[in-house]
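Going line by line, the protein sequences match chains A and B.
Taking the working numbering, I'd label the letters of the first sequence as residues 1 to 621.
Taking the working numbering, I'd label the letters of the second sequence as residues 622 to 925.
Some hints here could point you the wrong way.
To be verified - Some but not every residue of chain B turned toward chain A, in silico, with C-beta under 8 Å:
| id | residue |
| --- | --- |
| 1 | ARG662 |
| 2 | GLY686 |
| 3 | PHE719 |
| 4 | ALA720 |
| 5 | THR882 |
Unchecked claim - Covered stretches of chain B, going by a simulated chain A footprint (3 or more residues, C-beta under 8 Å):
| id | region |
| --- | --- |
| 6 | 666-680 |
| 7 | 727-739 |
| 8 | 824-832 |
| 9 | 838-849 |
| 10 | 905-912 |
Claimed, not checked - Here's a subset of chain B near chain A, in silico, CB distances under 8 Å, partners left out:
| id | residue |
| --- | --- |
| 11 | PRO646 |
| 12 | ALA647 |
| 13 | ARG651 |
| 14 | LYS684 |
| 15 | PRO690 |
| 16 | GLY692 |
| 17 | SER698 |
| 18 | ARG765 |
| 19 | ILE776 |
| 20 | ASP777 |
| 21 | ARG785 |
| 22 | TRP895 |
Since the hints were made in silico from the structure, they are not lab data.
Where is the CB? At the ideal position from N, CA and C, for every residue including glycine.
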Amino acid sequence: MKKLFLLPLLPACALLTPGCSQGDDTPPPSPTPVVDLRADNNRNGTIDWNDPTEDANEDTWDATHGAIFLANIDDDQSACPKTSSGGELLDDVDLAQCNDAQDTVINGDADLLDLAPLGTAPWAAAPDGTTGTLTVDDASAPYVHLFIQRNGALTFFDWQNGDVLSTDEVRAGATLAIEGTDVVRDPSVWNGYVTLTFTIDGTSDVVKMREAPIVTRHHLAKEEQVFVQAYSDDPGSIAMRSTLYSDMAGNGEGDGTTVGPVPSNVTEINGDADFGGTTPYDDQWTQDFFEVGYMSMPIAGGQQHVIDVYLRSANIYYTNPKNPLRDAGKVVFAQFRGPDAAGVQQFDMSSDPNMDSLNSFGNLETIPPYSLNGTNYPLGRLYRGSIPSFHPDASFEKMMEAQDVQPPVYIDTSWLVVGHVDETTSFVKVNSPRGWAMLVADPAMAKQMLQDQSTAGNGSTVMFAGKNWLDDNDVETPAQITIDQVLADTDVMSASDQAASAIDSELAILQPATGLTDSEIIHVPFLFESTQGYLDAYQPGMVNGLYYAEGTFAAPDPHGPLINGVDIFKDATEKALSAVGVNVVWVEDWDLYHRLTGEVHCGTNSKRGLLDGEQWWTSGY
Amino acid sequence: MFLLAATSARADGDRAFASVSTLDPAAHARLESSIATARSREPQLFDTVRNIVAHADDLDRRKEGRFYPMGALLRGSTRGRTGAALALLEPVLDPQRFALPQSSSARIALRAGLVEAAGATRDPAAAPVYRAILASGTELYELRAAAEALGKLAIDADVATLARLATTPGPKQDAVVAGLGSCRRVAAARALAAVASQGKTGMAAKQLLRSLSAMGSAWALATPNAAPASEIAAIRDTTARAAFAMFVSAPDTDVRNEAATALEVIASPDAPAWIAAQKSGASPELAAALDSLAQRLARARRTP
Numbered sequence: 001m002k003k004l005f006l007l008p009l010l011p012a013c014a015l016l017t018p019g020c021s022q023g024d025d026t027p028p029p030s031p032t033p034v035v036d037l038r039a040d041n042n043r044n045g046t047i048d049w050n051d052p053t054e055d056a057n058e059d060t061w062d063a064t065h066g067a068i069f070l071a072n073i074d075d076d077q078s079a080c081p082k083t084s085s086g087g088e089l090l091d092d093v094d095l096a097q098c099n100d101a102q103d104t105v106i107n108g109d110a111d112l113l114d115l116a117p118l119g120t121a122p123w124a125a126a127p128d129g130t131t132g133t134l135t136v137d138d139a140s141a142p143y144v145h146l147f148i149q150r151n152g153a154l155t156f157f158d159w160q161n162g163d164v165l166s167t168d169e170v171r172a173g174a175t176l177a178i179e180g181t182d183v184v185r186d187p188s189v190w191n192g193y194v195t196l197t198f199t200i201d202g203t204s205d206v207v208k209m210r211e212a213p214i215v216t217r218h219h220l221a222k223e224e225q226v227f228v229q230a231y232s233d234d235p236g237s238i239a240m241r242s243t244l245y246s247d248m249a250g251n252g253e254g255d256g257t258t259v260g261p262v263p264s265n266v267t268e269i270n271g272d273a274d275f276g277g278t279t280p281y282d283d284q285w286t287q288d289f290f291e292v293g294y295m296s297m298p299i300a301g302g303q304q305h306v307i308d309v310y311l312r313s314a315n316i317y318y319t320n321p322k323n324p325l326r327d328a329g330k331v332v333f334a335q336f337r338g339p340d341a342a343g344v345q346q347f348d349m350s351s352d353p354n355m356d357s358l359n360s361f362g363n364l365e366t367i368p369p370y371s372l373n374g375t376n377y378p379l380g381r382l383y384r385g386s387i388p389s390f391h392p393d394a395s396f397e398k399m400m401e402a403q404d405v406q407p408p409v410y411i412d413t414s415w416l417v418v419g420h421v422d423e424t425t426s427f428v429k430v431n432s433p434r435g436w437a438m439l440v441a442d443p444a445m446a447k448q449m450l451q452d453q454s455t456a457g458n459g460s461t462v463m464f465a466g467k468n469w470l471d472d473n474d475v476e477t478p479a480q481i482t483i484d485q486v487l488a489d490t491d492v493m494s495a496s497d498q499a500a501s502a503i504d505s506e507l508a509i510l511q512p513a514t515g516l517t518d519s520e521i522i523h524v525p526f527l528f529e530s531t532q533g534y535l536d537a538y539q540p541g542m543v544n545g546l547y548y549a550e551g552t553f554a555a556p557d558p559h560g561p562l563i564n565g566v567d568i569f570k571d572a573t574e575k576a577l578s579a580v581g582v583n584v585v586w587v588e589d590w591d592l593y594h595r596l597t598g599e600v601h602c603g604t605n606s607k608r609g610l611l612d613g614e615q616w617w618t619s620g621y
Numbered sequence: 622m623f624l625l626a627a628t629s630a631r632a633d634g635d636r637a638f639a640s641v642s643t644l645d646p647a648a649h650a651r652l653e654s655s656i657a658t659a660r661s662r663e664p665q666l667f668d669t670v671r672n673i674v675a676h677a678d679d680l681d682r683r684k685e686g687r688f689y690p691m692g693a694l695l696r697g698s699t700r701g702r703t704g705a706a707l708a709l710l711e712p713v714l715d716p717q718r719f720a721l722p723q724s725s726s727a728r729i730a731l732r733a734g735l736v737e738a739a740g741a742t743r744d745p746a747a748a749p750v751y752r753a754i755l756a757s758g759t760e761l762y763e764l765r766a767a768a769e770a771l772g773k774l775a776i777d778a779d780v781a782t783l784a785r786l787a788t789t790p791g792p793k794q795d796a797v798v799a800g801l802g803s804c805r806r807v808a809a810a811r812a813l814a815a816v817a818s819q820g821k822t823g824m825a826a827k828q829l830l831r832s833l834s835a836m837g838s839a840w841a842l843a844t845p846n847a848a849p850a851s852e853i854a855a856i857r858d859t860t861a862r863a864a865f866a867m868f869v870s871a872p873d874t875d876v877r878n879e880a881a882t883a884l885e886v887i888a889s890p891d892a893p894a895w896i897a898a899q900k901s902g903a904s905p906e907l908a909a910a911l912d913s914l915a916q917r918l919a920r921a922r923r924t925p
């Protein structure tokens, strides 16, 4: 299955071979010992032997210098097994075990690109018998592999079992490479920084490198791929996809009953897919069971090599320690993992099941980049619902914090039935000095709008017209209700009042943390209701939408009251967003999503690109 | 989720259905008779409930988050129907007639949801069922829903019972406190205020504050028949004072933030004066928190 990668297939010898870097800058033979280990300290993607910036301060790492390597945990040959002999997807533990770093060979052309170059300068005059050692600090040793070019191929450099650079290798200079075998999960165990020490005859050269962190994407980055669950016969799934795809094609909302061509940038996850008699992907909450981040390192030409990282949610559904996780999350390994695409899961079986919903990725968003009071957040900030008494899986949270480049902002979402940040907030790109604005649910605005209509004599106008609560078995239970009935509903008013204040509490954290002014907040009107003491959107929560293209926000159709033929909630939202240059398209999500406490964002996902010039290593973190 | 003492009621989906073993046989018989009469008048209503019960497992499997919102579905599906409470409580009284859910979480959601939706009808005929659940129930959400339902009826004797259960440390206290926010009566407000003085911490404190805010909600109190008109001012004052006391004595930021949230919901016109008075002699940390609270309340957009 795996093969050694031969030297002639190297894409650029300049990356790895001493004396073969940019320009002819081969160091001259030296009569004194030459102990010089080089990595891509200056981050131009090459090993530069005569460029002093490649050597300067190479034993430290900061925003200005320091070499980078990747956790080589993708599957470049798509060789990882996915199913058992019975056709079922493998257990969670087994699925996650396989990736390109789990062996000590180079898995094809593409795999070589996932390794970071290292080299030792030649010491042509080295005496017979001279050898060199190359070692890794103790904390990093279990998490990196070193490779050395021998007999025309990169082979495993087993320094822990006595492998050394031979006299010939010392004389000629060695071509080496490094890969990480895992992402950073717990900084108290390993923080991702590696100290490499090259020694000859008691003289050493030290290079410090850092493993690329997982960076999550934000809404300023261009969307490349939209993901949505597809059930072939479910009217709710058909309605959602019909309207979304039609919107994406620029054809308006669609009829809600016919799914048009799947847009080229949409990946449908087949909710009906059968694996040995099981349907693990039967889970319409596409947002919740995976999140797409990336890790990257510089390569030649000012580019960067990117591995997408598909994070699996830490939702624990079962007690089987080999197979405890939310089934649909297997898609991370079974469908997405592949060339330059990695899967990562991290969970603690002892996590409190009562808090499990917080592990879904509707509760992991990224605040777009900004600066505040002299502190820059060029990659944005992680954004989650988490308080000491109600929080996501601690081991997952620790892993995300350990990436260290997107300092998190935590708010209290314990008042929500679902508990996700996407239920009350979202972000859109706007033409302003900040470049983005925040959408916020506003129950007070919704109540005032309804009161205004009641005062104007429209209190008998219905909302939710034509929608049903449950319409199976031909038992219709109409959801429609008049404006005055809603306003007189003590329970809805109480819940909405509490929601309004809880959202103000969120803002009391978010505004100081981001510097967002009131004018940078776009209010989205909808009410809340209570179930078992917790709150969720009473009307389709329009803030819970998908910012899927430059300037376009796909929101759930609110089915609000029609006054003079105009849905007042659609109208208010369209006007508020068009004022900042964002177009709203409406998606039908009532049956399969809203009735089950989720909306459009909960039912979709996206993979986004990098901003122009985005380089995590210059972030200062 | 409620943070409970070791002896407190817990979420429990093992049992098939609510316990009404303490329901008086005569009351049970009367309810059965009423159900039979209501079914003959509105068979479709009863079919709707039966249909939802039959779908409970599937709905639960497809939920997002910790609960399927069964109460909201049942409430919406039976809204405005005369026999709604009876239809909703039939599965509680006669579970053997229904195809009940198998999964633990679906059972929890259905049990609580049926009681919660029945409670929303404010039908006094259902009161004996709520009382029976309060007397013999042991499951957290079922007890919470029964307390909420009985609280909405606001019958004096029941309010007294709820107040006693809320203020008495024991297995039912947290569940009753969580449900008592819907009981907009002065006696209930005083009970929550008394609990507030018991030094609750963590999620139990936050849940208490949510009950205070639900009870004193300015928007809720502005709806028709939310509370006796003669008691509204006292309810607002009592709940606001309790929330403010918890703000001042809060052991941590989380509880203090929750108290600020509650004070914003209750919107007592006296809160600015309490803040100003409390600042005298306050620690720098508390004084800063009070300043923030004052600013927040001033910013809040509240139009009952």
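_Tell me if the interface restraint on PHE719 (chain B) is satisfied: Cβ within less than 8 Å of some Cβ in chain A._
Hint on PHE719 (chain B): violated, closest Cβ of chain A at ~15 Å, above 8 Å.
*Would the hint on GLY686 (chain B) stand, with a C-beta cut-off of 8 Å toward chain A?*
At 3 Å from the nearest chain A Cβ, GLY686 (chain B) passes the 8 Å test, so the hint holds.
*Holds or violated: is the Cβ of ARG662 (chain B) closer than 8 Å to a Cβ in chain A?*
violated (17 Å)
*Restraint check, 8 Å cut-off on beta carbons, for ASP777 (chain B) near chain A*: Check failed: Cβ of ASP777 (chain B) comes no nearer than 19 Å to chain A, outside 8 Å.
*asked:* So, as I understand it, the hint says THR882 (chain B) touches chain A; can you test that by seeing if any CB pair is closer than 8 Å?
replied: holds (5 Å)
_Restraint check, 8 Å cut-off on beta carbons, for ARG765 (chain B) near chain A_ = OK, holds: ARG765 (chain B) within 8 Å of chain A, min 6 Å.
*Identify whether the interface hint at ALA647 (chain B) stands, where standing means a beta carbon of chain A within less than 8 Å of its own.*
violated (31 Å)
_Between the region 727-739 of chain B and chain A, are there enough contacts, at least three residues with CB-CB distance under 8 Å, for the coverage claim to hold?_
holds (count 4)
*Classify the hint on ILE776 (chain B) as holds or violated, based on whether any CB of chain A lies nearer than 8 Å to its CB.*
violated (17 Å)
*Okay, the region 905-912 of chain B and chain A, do three or more residues pass the C-beta test at under 8 Å?*
violated (count 0)
*Would you settle whether the hint for PRO690 (chain B) is holds or violated, based on the nearest Cβ-Cβ distance to chain A being less than 8 Å?*
Holds - the Cβ of PRO690 (chain B) comes within 8 Å of chain A, reaching about 4 Å at its closest.
*If you take the shortest Cβ to Cβ gap from SER698 (chain B) to chain A, is it below 8 Å?*
Interface hint status for SER698 (chain B): holds (4 Å vs cutoff 8 Å).
Checked against the numbered hints above, the structure breaks hints 1, 3, 4, 10, 11, 12, 13, 19, 20, 21, 22 and satisfies the rest.
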